[in-house]
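Enquirer: Chain residues, written in single-letter form:
There are 2 protein chains.
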Amino acid sequence: MITVDINEAAELLRQHDNILIIMHRSPDGDTIGSAYALCAALRMLGKNADTVCADDIPQKYDYITSKLPHIPFEPQYIVSTDIAGEQLFGEELAHYAAVTDLCIDHHGSNTGFARYGIVDASAGACTQIISKVISALGVTPDKFIADAVFTGISTDTGCFKYSNATAESYRIAADMLDFGADGATINRVMFDTKSRARIELERLVLDSVRFYENDRIAVIFITAAMLAQTGADDGDTEGIAGIPRRIEGVKAGITIKEKESGVYRISLRTTADIDAAAVCRVFDGGGHKAAAGCTLCGDADDVCSRIVAETAKQL
Amino acid sequence: MITVDINEAAELLRQHDNILIIMHRSPDGDTIGSAYALCAALRMLGKNADTVCADDIPQKYDYITSKLPHIPFEPQYIVSTDIAGEQLFGEELAHYAAVTDLCIDHHGSNTGFARYGIVDASAGACTQIISKVISALGVTPDKFIADAVFTGISTDTGCFKYSNATAESYRIAADMLDFGADGATINRVMFDTKSRARIELERLVLDSVRFYENDRIAVIFITAAMLAQTGADDGDTEGIAGIPRRIEGVKAGITIKEKESGVYRISLRTTADIDAAAVCRVFDGGGHKAAAGCTLCGDADDVCSRIVAETAKQL
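One line per chain: the protein sequences are A and B, in this order. For reference, each letter of the first sequence is one residue, going 1 to 315 in our numbering. For reference, each letter of the second sequence is one residue, going 1 to 315 in our numbering.
Just so you know, these hints were derived from the structure itself, not from any lab. Careful: at least some of the hints might be erroneous.
Copies of the same chain look alike in the list, so a pair counts if it fits in one copy or across any two.
As the list claims (entries may be wrong) - Straight-line alpha carbon distances no greater than 30 Å define the calculated DSS-like cross-link-like pairs of lysine-lysine that follow: (1) Lys67 / Lys313; (2) Lys259 / Lys47; (3) Lys60 / Lys194; (4) Lys67 / Lys251; (5) Lys251 / Lys313; (6) Lys194 / Lys313; (7) Lys251 / Lys143; (8) Lys143 / Lys289; (9) Lys313 / Lys143; (10) Lys194 / Lys289; (11) Lys313 / Lys47; (12) Lys194 / Lys251; (13) Lys194 / Lys259; (14) Lys47 / Lys194; (15) Lys194 / Lys67; (16) Lys259 / Lys313; (17) Lys47 / Lys67.
The following block holds chain A by itself, in its conformation from the complex:
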């Protein structure tokens, strides 16, 4: 991959037309905000541009997706936003990975699958990079672009609660408010609105909480029976893994989610002193220092004992 800077990325986009922008599978606010903001900016320059994702986009992003209808054209230039590696295109769009012309991303782990790429790991959200590319394209953001860019920053920083929320994240967010973004509403919709199924699920999950090691480890369970009972879908389980670590005094929060009978997906969230990725690597998983995951087989109590024991070694 040939590394380009903001101006070079803008120049590449300026030189091309019929641009297809690809989001990663299991789309989140940052890949959606990035793709839609860039798409809107390119259309403002008179170009054919569109967005595509292998998976359905969750309904809560309707305020973005409903305002930029798809248009038909033969793609001639392929751009990826917030995609760190080939496997994140999703099965349906996997064939685009090898022919991506320009990759715009903020993951330090980016595999360099594209022809040209701009990867800035210091950006809290990919939309921060997108906002600079849009500026370099000479486009002044309208409310739509401002909302989309703001959405990426808000969602990828956990409403400014993660350490990737830098001064630049706040300044770009401020600029987007000036361009009309409804930041307060976006933060509320993304972080303060829960479906009834989610409320019911949280209730059951809180019923299941177990504490270990003098309350420094908290474990919650999400079982197939809970999902069936509440009617909760995958969207409703988003962020639940953050719940146990939020309990005062808890250093490691473990979420054990039943994938199928005897197969459990483990999410581990830790405070600064515990390396979550190191724990999960023991079970062939991985991730970041404060958030990692792995898959374990067995019965639920046995799975719980094994992950708790390994986590306890780090205390």
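Based on the hints, put chain B in the right spot on chain A.
Expert: The following block gives chain B in isolation, referenced to the frame of chain A:
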């Protein structure tokens, strides 16, 4: 009250020494952040300055209060921060209301009790005004001041979820990060950390949820038995009134909290189309359009029926 601007307020502070800075009763992050940031700045100028509050400061603000010990001196100049009216000094400090020399506040409803005052209702937090006064004093914020100013912005905007979070709020927050504020940690401690008692209480409260009017009204109960069972104190119930309105589709969230046997404090939180204050005025209560309260006597089911019926009229 003689209105002054930022530079005039700074000049008044420069001309005086032995400055006592008063916080409002039931102190929150904004009055605490304002008083402590200003106090630290004045001490950096070599002045005697201290802070005082009629009520105890909650433990979660220890990262501010523990770093600026009190010092003894005879107060000669009285400053209030984030205090909208005389009654908010609290009983113990009520005598200061009539002799306040300088009032720094962001409540449009400020009663003008002081000799000089700077009241900027466009500021999302009082610490935004404080940060400008500190700058006009020629003081460069250190990490302590930056954390205190950031805390005010974060807490008074509900972690940037209320509409008072303006572009300026974000820009001053960004400046504070540059001066060393640990914004992500402050946001997590203020909004993402829950005591075990609080977690237990939320579980019981969610068990109690009732829906009315096609799920547009949600009611939760906080009973004395729940508080006893969980060991939760008043601090643990903070913000619980926000829970029912967060449920998708709910237009009015009602919290019924048992004060004593047969006496219930009602908190009503509504979306834009329902006037909470109008509902609560019917029961001799009051408040704002989206958040109001009143007190009702009777048995719990009866109290619930009456407040739900009155709220339903507004749907």
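Enquirer: Against each hint, give a clear statement of whether it holds in the structure.
Expert: Structure-based check of each hint:
1. With identical chains, the CA atoms of lysine 67 and lysine 313 are never at most 30 Å apart, being 51 Å at best within one copy and 34 Å at best between copies.
2. In the homo-oligomer, the alpha carbons of lysine 259 and lysine 47 never lie at most 30 Å apart, since the shortest distance is 44 Å inside one protomer and 63 Å across protomers.
3. In the homo-oligomer, the alpha carbons of lysine 60 and lysine 194 lie at most 30 Å apart both inside one protomer (11 Å) and across protomers (26 Å), since each shortest distance falls under that limit.
4. Taking the shortest alpha-carbon separations for lysine 67 and lysine 251, only the inter-copy value of 25 Å comes in at or below 30 Å, while the best intra-copy value is 42 Å.
5. Taking the shortest Cα distances, lysine 251 and lysine 313 sit within 30 Å of each other inside one copy (12 Å), while across copies they are farther apart (47 Å).
6. Taking identical chains as interchangeable, the C-alpha atoms of lysine 194 and lysine 313 lie at most 30 Å apart only when they sit on different chains, with a minimum of 25 Å there against 36 Å within one chain.
7. For the homomeric pair lysine 251 and lysine 143, the shortest alpha-carbon distance between copies (25 Å) is at most 30 Å, but the shortest distance inside one copy (41 Å) is not.
8. In this assembly of identical chains, lysine 143 and lysine 289 lie within 30 Å of each other by CA distance solely across copies; the values are 26 Å between and 36 Å within a copy.
9. For the homomeric pair lysine 313 and lysine 143, neither the shortest alpha-carbon distance inside one copy (50 Å) nor that between copies (34 Å) is at most 30 Å.
10. When the C-alpha separation of lysine 194 and lysine 289 is checked against a cutoff of 30 Å, the pair qualifies both within a copy, at 28 Å, and between copies, at 22 Å.
11. In this assembly of identical chains, the alpha carbons of lysine 313 and lysine 47 never lie at most 30 Å apart, being 56 Å within a copy and 51 Å across copies at closest.
12. Taking the closest pair of Cα atoms, lysine 194 and lysine 251 come within 30 Å of each other both inside a single copy (26 Å) and across two copies (13 Å).
13. For a Cα distance limit of 30 Å, the shortest separation of lysine 194 from lysine 259 qualifies both inside one copy, at 23 Å, and across copies, at 28 Å.
14. Taking the shortest alpha-carbon separations for lysine 47 and lysine 194, neither the intra-copy value of 38 Å nor the inter-copy value of 50 Å comes in at or below 30 Å.
15. When the C-alpha separation of lysine 194 and lysine 67 is checked against a cutoff of 30 Å, the pair qualifies only within one copy, where the shortest distance is 23 Å, while the shortest distance between copies is 38 Å.
16. When the C-alpha separation of lysine 259 and lysine 313 is checked against a cutoff of 30 Å, the pair qualifies only within one copy, where the shortest distance is 26 Å, while the shortest distance between copies is 46 Å.
17. With identical chains, the CA atoms of lysine 47 and lysine 67 are at most 30 Å apart within one copy only, with a shortest distance of 17 Å there and 57 Å across copies.
Hint violations for this structure: numbers 1, 2, 9, 11, 14, all remaining hints satisfied.
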